Each structure stands twice: as structure tokens, then as C-alpha cells.
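Residues per chain, in single letters:
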Amino acid sequence: MNRISIDPITRLEGHGKIDIFLNEDGEVANAYLQVPELRGFERFCVGRQAEDMPNITDRICGVCPEAHHMASTKALDALFHVDPPPAAKKLRELFYSIFFATDHTTHFYALAGPDFVLGPDSPAMERNILGVIKKVGMDVAGKVLKMRHDGHHLIKMIGGRPVHPNWGLPGGVSRGITEEQRLEIEKLGREAVDFARFSLQLFNDIVLANKGYVDLITGGIYTHQTYNMGTVDQNNHVNFYDGMIRVVGPDGKEHAKYHPKDYADYVAERVEPWSYLKFPYLKKVGWKGFVDGVDSGVYKATPLSRLNAADGMATPLAQEEYERMYATLGGKPVHHTLATHWARLVELLYATEHWVELATDPEITSPNFRVLPTEKPDEGVGEVEAPRGTLTHHYWSDERGILTKVNLIVGTTNNNAAINMSVKKAAQGLIHKGTVVKEGLLNTIEMAFRAYDPCMACATHTLPGQMPLEVTLRTPDGEVIDSFQQHLD
Amino acid sequence: MTGKPKLALYWAASCGGCEIAVLGIDERILKVAEAFDIVFWPCVLDGKVRSIEKMADKEIELCLFNGAIRTSEQEYMARLLRQKSKVLVAFGSCAHEGCIPGLGNVATREEIFQISYHDTPSTVNPEGTRPQAETEVAEGTLYLPHFYDTVKTLGQTVEVDYYLPGCPPEPERIWDALTAILTGALPPPGAVIGAQTTVCDECPRTREEKKIKEFKRTWEIIPDPEVCLLEQGIICCGIATRDGCGALCPTVGSPCIGCYGPNEGVQDFGARMMTALASVIDSDDPQEIESIISRGIPDPIGSFYRFSLAHGQLRRCALPLEADTLDATKAA
Amino acid sequence: MSDTFEPKIVAFLCNWCSYRAADLAGTSRIKYEPNVRIIRVMCSGRVDPTFVLKAFSLGADGVMIAGCHPGECHYLEQNYKAMRRYYMLRHTLRSMGMEDDRLRLQWASAAEGVQLAAAINEMIEQVRALGPLNWSANWHENGRRLEALGRLAQEHAEAMEVPA
Chain A
1 MNRISIDPIT RLEGHGKIDI FLNEDGEVAN AYLQVPELRG FERFCVGRQA
51 EDMPNITDRI CGVCPEAHHM ASTKALDALF HVDPPPAAKK LRELFYSIFF
101 ATDHTTHFYA LAGPDFVLGP DSPAMERNIL GVIKKVGMDV AGKVLKMRHD
151 GHHLIKMIGG RPVHPNWGLP GGVSRGITEE QRLEIEKLGR EAVDFARFSL
201 QLFNDIVLAN KGYVDLITGG IYTHQTYNMG TVDQNNHVNF YDGMIRVVGP
251 DGKEHAKYHP KDYADYVAER VEPWSYLKFP YLKKVGWKGF VDGVDSGVYK
301 ATPLSRLNAA DGMATPLAQE EYERMYATLG GKPVHHTLAT HWARLVELLY
351 ATEHWVELAT DPEITSPNFR VLPTEKPDEG VGEVEAPRGT LTHHYWSDER
401 GILTKVNLIV GTTNNNAAIN MSVKKAAQGL IHKGTVVKEG LLNTIEMAFR
451 AYDPCMACAT HTLPGQMPLE VTLRTPDGEV IDSFQQHLD
Chain B
1001 MTGKPKLALY WAASCGGCEI AVLGIDERIL KVAEAFDIVF WPCVLDGKVR
1051 SIEKMADKEI ELCLFNGAIR TSEQEYMARL LRQKSKVLVA FGSCAHEGCI
1101 PGLGNVATRE EIFQISYHDT PSTVNPEGTR PQAETEVAEG TLYLPHFYDT
1151 VKTLGQTVEV DYYLPGCPPE PERIWDALTA ILTGALPPPG AVIGAQTTVC
1201 DECPRTREEK KIKEFKRTWE IIPDPEVCLL EQGIICCGIA TRDGCGALCP
1251 TVGSPCIGCY GPNEGVQDFG ARMMTALASV IDSDDPQEIE SIISRGIPDP
1301 IGSFYRFSLA HGQLRRCALP LEADTLDATK AA
Chain C
2001 MSDTFEPKIV AFLCNWCSYR AADLAGTSRI KYEPNVRIIR VMCSGRVDPT
2051 FVLKAFSLGA DGVMIAGCHP GECHYLEQNY KAMRRYYMLR HTLRSMGMED
2101 DRLRLQWASA AEGVQLAAAI NEMIEQVRAL GPLNWSANWH ENGRRLEALG
2151 RLAQEHAEAM EVPA
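The listed protein sequences correspond, in order, to chains A, B and C. Taking the numbering used here, the leading residue of the first sequence gets 1, the next gets one more, and so forth. Taking the numbering used here, the leading residue of the second sequence gets 1001, the next gets one more, and so forth. Taking the numbering used here, the leading residue of the third sequence gets 2001, the next gets one more, and so forth.
Do not take every clue at face value.
[Claimed, not checked] Calculated lysine-lysine pairs in the DSS-like style (CA-CA distance at most 25 angstroms, straight line):
#1 A:Lys376 <-> B:Lys1031
#2 B:Lys1216 <-> A:Lys376
#3 B:Lys1086 <-> B:Lys1031
#4 A:Lys135 <-> B:Lys1054
#5 A:Lys405 <-> B:Lys1216
#6 A:Lys146 <-> B:Lys1031
#7 A:Lys143 <-> B:Lys1086
#8 A:Lys135 <-> A:Lys146
#9 B:Lys1216 <-> A:Lys438
#10 A:Lys211 <-> A:Lys332
#11 A:Lys143 <-> A:Lys156
[As the list claims (entries may be wrong)] Just the calculated beta-carbon pair ranges, DEER-fashion:
#12 C:Asn2134 <-> B:Gly1140: 39 to 45 angstroms
#13 B:Glu1134 <-> A:Gly220: 31 to 37 angstroms
#14 B:Glu1172 <-> C:Gln2154: 29 to 35 angstroms
[Unchecked claim] Derived, one-sided and incomplete: chain B residues facing chain A with beta-carbon distance under 7 angstroms:
#15 Cys1015
#16 Ile1025
#17 Ala1035
#18 Ile1100
#19 Pro1101
#20 Gly1104
#21 Glu1110
#22 Ser1116
#23 Pro1126
#24 Ile1257
#25 Gln1267
Hints are computed from structural coordinates only; laboratory data are not their basis. Source: prediction; values computed, not measured. Beta carbons: idealized from backbone N, C-alpha and C, even for Gly.
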């Protein structure tokens, strides 16, 4: 069978490669997205001090270390059976909202932006942030840079470092904020809300006003009818920091709602021999293969999933946008993978509004940001929504607080099966007998995984590059039937 | 082809934080893009390995390589980029000293696979499937790289021209290093581009005298925000760690965890921590000393070699005795 | 030539007490096994844990640190530092999978040639019973590494080769 290898995939967490196999009719028989790396956190965290875990798990991902830091800190609260004071929780949630807004900005403008602002088939040389700037103007770039700069500046101010904070403790956080800091956080938060609204307007003007893009978004090759998972508060509104995990079926009906500590009753992980990354699925539905539908345990945990799994947003402007999105796309739930980009911007708006809400909370500068644990540690689960999906840390320790066992289900991992299915479906939809394989086509296949914002997002800028690329189709005898290359000079 | 010098950035066993840190230089990244032709940066650009393989030796002017080496693919890329690059910089703690992935050196491939693919409570794997170097699927063969028992640093794999420490290096230090490289104001090859002093130098806390009767875990006390953390019994690695960050962690009330690696002239980070803490223990009685140590430092590997295990003199924990008979035909 | 394992022990002896004890053993014709490589330092407090770790990484099967008895240090208190470092090292090496008997702290005054020789002999036998340490073998990969590296270049060429 003929094979097209894309190695490495770029703009993806860690490393990945796609192998597309074509049958004799020139149709795509199958496509596999392999993850060729593993580091072994679940093993080498055994024997470590529990309090080191927020710092160690920071290094699972350098784009969303704050997510791991927070899930880990919450796991420590549970491990030590200590309840942080209300001010501590608000501080954590404020920090988390700032991070969420920053991370979503990064993904939308650097990864998704070029595909939509310039078009998936646009010349590769232009399809990056500089092409975006040329098209929409330097003003936009300046706003994006400012948003990212402000976000990391505040993350550093509150959590210690702009990448890999060192702040969370069982029972609270290591330091609070002063009134002076609070004023700056509030000011930048209000500017961030404006930026989020601006981003949604941009999406409206450039994407939704363009019929071609709307067709792409709502078209069949990027659609999968799967379960969706997200975290909701007591009003069933999206919450990134804390709540119950809610899973809805392809028809939108609630399948399960559970406390994060019960995750192992609902989620199981499967192993395939061709990837180092495992494949979670819903236990009660069961694994039926890489297929859609109510009988398949495959689920997604993405911004779109969170909006599908919730009944609304907890802040007013985001709620308006939530309603507008569903009205435009024909009601809930939405299964169009590319609509995830829209959902991401709705979440961006919520994150910035919530940032301002918390920054103006009277308790936020309270000196009461920490209590000491009094009980012996034994076992605990901490969960948050990482930008890429539900993130769960589960620790067991001895009475000295030395870990004896660790289980982690990381955001992007939730989506591993769905990502594979999306890549395969896109490839099957785009490559047929006689198709001339061009770079733009491959990029359009890549858009299928990019919508999931796989954890390793690049940050502010994609840079101009010549994107050297080559694709070769060979028969089993090695004879070349077609090839395409660019910028190899 | 633009004729500009070529720049490559690559990541091995790392987390992506170094990529974010590079972009933390904000608008100055555009200056970098102006000065260089960026030919390879899988995080950000769509370059493929094949194009690097076809370059002439030393065609790439500068390669910033972050990440530790723990699979055959990563070692292959390290060797490839060394061959094709004039200047190879071990960028960040993973490439410099192993960093957090280096903690994998407490275990073996077998142990990691056993836990990851069999033993975690949410894994359901009755057939005992494991990732394989080669998998036959209906359509053809799929390949995965070989996963090593021991994490190596970049310097243990290929010859490195410069080291830039930090997990990740702070954006200002990155800009300093890029400027130094561009203007040629560099230390001798093989050196670390960084400060020559410890974190304590920039730490705002006051120091009197350290006499410790008991080490405290961070969740056992609420420390005084103005006083040196080590003086209060909390193990702060600032005493052994190279400066560069500006003591950011102690500023927010957390002890330094050592992510910038050993100070200039220190060969083994853990040894420096051991000797420094030994100096401040306030006891001459063997039993009391032993008790202070075992109670207060229940995880010496984590406390002393959190970032530098792969780089330390001993590099890893002893392999389990059965290691000599590890079956070479086992899975990847 | 016997195939009994002959341990390599590196011993750091302080100039004022333990080194003189070793000298005394020599001039008194008191025999001790030849497995010890002696390195003279001015004080047991000079011994940085790095020296110990380096010795093990380079092939030592055991390391001894010998100094003046507590209270008798020529530099007053530095042997207490050596003692604290020894406990730190032992604690750490234990967690890394090394047997306690491979690191020994020994006090010996200048007059104690007999006692030092006996301690050295005892340590040699303990380490002999433990077997070779060969620490650097811990980080040698098995042969599959080279095979995997070679295969990668071929895999890339097959999957992504561009025709002439």
C-alpha cells in the first residue's frame, strides 16, 4: 500500500507523525497519528515529596504549566485533607483565569489565525503571523503582543515566574497580592476584556462573513458525533478551576456528571502498540474502535466540548456570544471540529470577564491566603480544565508525604482517539484517486488536529519561513508515482 | 533563499517551556527573524527533517537545542543537528543537565512501561499491549523510536559549544545570550553563558546565621517573608544554584528549586547541596545528625538532584539487579 | 592468576592523623591489603562529596574517608563537617541503590597504625563480599540503541525520499 508520511508534524505538543495509507484505488485506507515520545512522570514521581509535585508537573508542559500547577495543588489539598481559605481559592482562580486568557490568545492568533485569516490553501510563505499582520495591520499584532506580555507579566507577579510558577501549596498559596498589584491586575483585566471582544469581532468579520470558511467549518470532513466532556459549576456553567465533570452524548443529553475524584469509574485508558500515548475512552460505553456515535466510548474534551457539556457561561458578555454561536451553527450540541476555534474565543471572553470579577472581589487582597494542614496525607485527586481538556492528577502518599503512586490524565490525552479520527476523516475527504497532492492539501489535513490545540502551542508568533516540504507517493516496489516539494533549495 | 544565516531551534525530551521563553522576548523576536533565516522549528514552522538531512555540514549558523535525550529519535536529531550546525547551544535545563525528564533516571524503561501501560488505575489493557518499535497494521508497518533506560544530557551525546541554563532561561537571559552570540562576545567554547554567582546574591531576604536543628517541609510552617528560607529550616537550593532568574521564587515565598543548575565551578549540584546543608546542621552528635537528615530530607534525590540527576557524577540510580539479563528482544 | 574479585578502594586520609597512621603502619611493617589507593588531604573536612561521587563514577568499588577523632582535629572542628557530610552522602547513596558498606568514615589518630590497618582490611573484605560496583555500567544502553539509530536514517529515506 502507498504511504504518505508527514514527519514531524509541526505545531503540536511534543512530537507527532502522521502516516496516511492509500489503497489501490487511490483512496485513503487509514491514517495514524503516532506520538513517538514518553517521559514517564507516572513512574519517576513515585518517591518524590508531595509538595514538589506542583513544580515537577509544571514541566509536563511549558505552555500550560499553570494548569498542571493548579491541578497538582488541588490534589495536594485533597491529599492532606486541608481546605484552603476562601481568599486562597479566589487568588488561585484569578491566576488561573489570567493564564487561560493568555494561552487561548496564543493559540488563536499563532496557530488558528493564519489558516482562517489567509485561508488554508494560501501560499505557504504567507500563511503565518506576518501574513496575518500584512492582511489585518500592525495594530492587531501589537494588541496580541500586549495581551501575551501582560498575561505573562501577571503570571510572574502572582506565581513567581512567567513560565513554571512556584506558588501552590496544600492549604493555599505561598503569597497573596497587594492593593497596588490588584489595581494593575484589574486595569489589565479590563483591557483584556476589550481584547477578547475585539477577537470575536475579528472572527466574525474574517471567518463568519466568508461563506467559504463557514462551509469548511460546517462541512462533513471535519465533523464527528462523539461524547463531550467539560467541568461545570453548580449552575452547570463552564468553570475552568473547579466543579463537577459533566459528559454529554452526541445528542447533547447528559451521560454522566461526577465528582473528579471518581474519574476512574468513568474513564479508562487503552494502549495501542503504534503510539506512546494512550487512548482514553468512556468506560461505561466501552471501546468500539476509532468510530463516532453514541455506542462508541470515544469522547472529546476541548473548548467546544466544554460549551457543549455546559448549559451556559457564567459571565454576561460570554453568555451572549455562547448563545450567538449556537444560534448560528444550528443549536446544541455542535460537532464541527473547526468550530472549536470559535468556542475558544468565547472562553477567552469568559476568562477575561472572570479575571475582572475576581480582581475586584473585596477578599482578593486578604492576608489570609494559607492554612497549614493538620492531617496526615494519604490519597487525593485534583482536577482543573486545562485549555486543551480536562486535567486530572491523582496522588497516593505515605504518612511522610512521599508519593507511592501517581496517575495523570492530561488534557490532550483525552482527545487522542478523536484527533486520530479527525485526521483520518480529513485525509479521506481530501485525497482520492487522481488527487494531486499539494502542500495546501496537507495543511488542510493538519487543520484537523490543529483545532484541538494540542498542548504544545507555539506562543506569540509563527515566523516567516520557507516551509521546506516534500511528499512522495511510492508503489510497494519503490517506484515513484507522484511527488511534491517546495523550498528545498 | 535569502542569504541570511540559518537558525534552527529543536526540542527533544522537553516540555515546550523553552519555546515560550524564546517568544517571551516579545517584539525582539522580529529582530531575530530579520537577522536569521529560520529553517527548522517544529513547534512554530512546518520544516521537515528531510530538508535538514540534505543540508551541507555546518550549513546552519546557529542551532538552539532544548530537551534531554531519551529516545533514539532524539539522539539521531542531536547528532544530525550537530553535524549540520556551526554553533550548537544546549538551550535550557533539559539539554544542559537533564532537568525533570532526567528524574526518569530513578527508573528503567521496563519500570516506566510497566506503570504507564499496565499498572495505573485507569489503564485497561488485558492483552498486555505495549508500544513496539515496529507494528504491523493492516495497511503496512508503523515505527516508533527506541526508548532508552537512561536519560542523557545533550553534552553527553554530542559536543556542545555553549550552555544556556534555566528551566526555562528567563527571556532577558535569552536575549543577552543571543546578543552575545551575534556580536561574538562569548566565553570559551564549552562554557555556560550565565552568571558566576548564586541565587542568594539577588535574593531580597535577610540572612544572619544558619544553624539548623530541624529541616522543615514547606507545608509544615508559614515562613517569615523577610528572612532567609534556609535559616528557617526550609531547604532552599539557592545556595548551590547559578543566578540568572533574580531569585523569583523566594520573592513569592517559595524556596528555590535549583532550576538554573549548579553555580560556576560546581561539578555536581547534589554534592554542593549536601555539603552546604551539612555545614549548617547544628549538631555534633552522630545520632542526632542522622535523625535530622532522615526526617527532614526524606527524598534526597528529589531535593538534591531535582534538575541535575542526569548530569551528576552518578547520573542515575543503580539498575535493578535483573538488568543484566534484560531481554534484547523486548518491546521498544 | 586468581579470579577472586579485587576491590578498588579510594581512601582520603587527612595529613595530621590518619595519613600518619598509615605511615606508621608502613614503618611498623603492619600489613594491610593492597587494594587501597590513598589520597592525602590536609583535613578530612577537605573531602567534598564530589570527590566521593567522582571516585565511584570512575570505577571505585568503595571509598573511605579517614580523619582525626572528634575533638582532635588539627583545624579544630572540620572533622565534624566530614561526619555530617558522610551522613548526607550515605543517605543519598542509599536512595540511589548503593550499599552502605561501600562508603566508610573512619577515625584514626597518628598513633593508631594497627587500628587503621585493621579497618582497611575489614572494609576490603566487606566490599569484596559485595562484589564489583562498576557504577558506569548502569548508564550503558543495551545494543538496541545503535540498531535503532541506524534504522532511523533508513526510515526517513524510505518514507520521504525525493527522486533525482
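Evaluated hints:
1. Distance restraint check for lysine 376 of chain A and lysine 1031 of chain B: the Cα-Cα separation of roughly 54 angstroms exceeds the 25 angstroms cut-off, and the hinted pair is therefore not satisfied.
2. Taking the CA atoms of lysine 1216 of chain B and lysine 376 of chain A, the gap is near 15 angstroms; set against the 25 angstroms cutoff, the hint holds.
3. With a C-alpha separation of about 21 angstroms, the suggested pairing of lysine 1086 of chain B with lysine 1031 of chain B holds against the 25 angstroms cut-off.
4. Under the criterion of a C-alpha separation no larger than 25 angstroms, the hint pairing lysine 135 of chain A with lysine 1054 of chain B is inconsistent with the structure, at around 34 angstroms.
5. For the hint pairing lysine 405 of chain A with lysine 1216 of chain B, the CA-to-CA distance comes to about 23 angstroms; that is within 25 angstroms, so the pair holds.
6. Distance check on the hinted pair: lysine 146 of chain A and lysine 1031 of chain B sit about 17 angstroms apart at the alpha-carbon level, within 25 angstroms; holds.
7. Between lysine 143 of chain A and lysine 1086 of chain B the CA atoms are separated by roughly 37 angstroms; this puts the pair beyond 25 angstroms, and the hint is violated.
8. In summary, the hint linking lysine 135 of chain A to lysine 146 of chain A is supported, as the alpha carbons are separated by about 19 angstroms, within the 25 angstroms threshold.
9. For the proposed pair lysine 1216 of chain B and lysine 438 of chain A, the alpha carbon gap of about 62 angstroms is over 25 angstroms, so the pair is violated.
10. Between lysine 211 of chain A and lysine 332 of chain A the CA atoms are separated by roughly 21 angstroms; this keeps the pair inside 25 angstroms, and the hint holds.
11. For the hint pairing lysine 143 of chain A with lysine 156 of chain A, the CA-to-CA distance comes to about 20 angstroms; that is within 25 angstroms, so the pair holds.
12. Roughly 43 angstroms separates the CB atoms of asparagine 2134 of chain C and glycine 1140 of chain B, a value that falls within the hinted 39 to 45 angstroms.
13. Under the hint 31 to 37 angstroms, the C-beta atoms of glutamate 1134 of chain B and glycine 220 of chain A, about 34 angstroms apart, fit the expected range.
14. Roughly 44 angstroms separates the CB atoms of glutamate 1172 of chain B and glutamine 2154 of chain C, a value that falls outside the hinted 29 to 35 angstroms.
15. At a threshold of 7 angstroms, the smallest CB-CB gap from cysteine 1015 of chain B to chain A is about 4 angstroms, leaving the interface hint in force.
16. The interface hint given for isoleucine 1025 of chain B is violated, since its Cβ lies 10 angstroms from the closest Cβ of chain A, which is over the 7 angstroms cut-off.
17. A hinted interface residue such as alanine 1035 of chain B counts as satisfied when its beta carbon comes closer than 7 angstroms to some beta carbon of chain A; here the least separation is about 12 angstroms, so the hint is violated.
18. The beta carbon of isoleucine 1100 of chain B is positioned within 7 angstroms of a beta carbon in chain A (closest approach about 4 angstroms), and the interface hint is therefore held.
19. A cut of 7 angstroms between beta carbons decides the hint on proline 1101 of chain B: the least distance to chain A is about 5 angstroms, and the hint holds.
20. Given hint, glycine 1104 of chain B at the interface with chain A, holds; its Cβ is 5 angstroms from that chain's nearest Cβ, closer than 7 angstroms.
21. Here the hint on glutamate 1110 of chain B is broken, as its CB sits about 10 angstroms from the closest CB of chain A, past 7 angstroms.
22. With its C-beta approaching chain A no nearer than about 6 angstroms, serine 1116 of chain B sits inside the 7 angstroms limit, and its interface hint holds.
23. A least Cβ separation of about 10 angstroms between proline 1126 of chain B and chain A goes past the 7 angstroms threshold, and the interface hint is therefore violated.
24. Contact between isoleucine 1257 of chain B and chain A, as hinted, is supported at the beta carbon level, the nearest pair being about 5 angstroms apart and thus within 7 angstroms.
25. Annotation: glutamine 1267 of chain B was flagged as interfacial toward chain A, and the flag is violated, the nearest CB pair being 23 angstroms apart, outside 7 angstroms.
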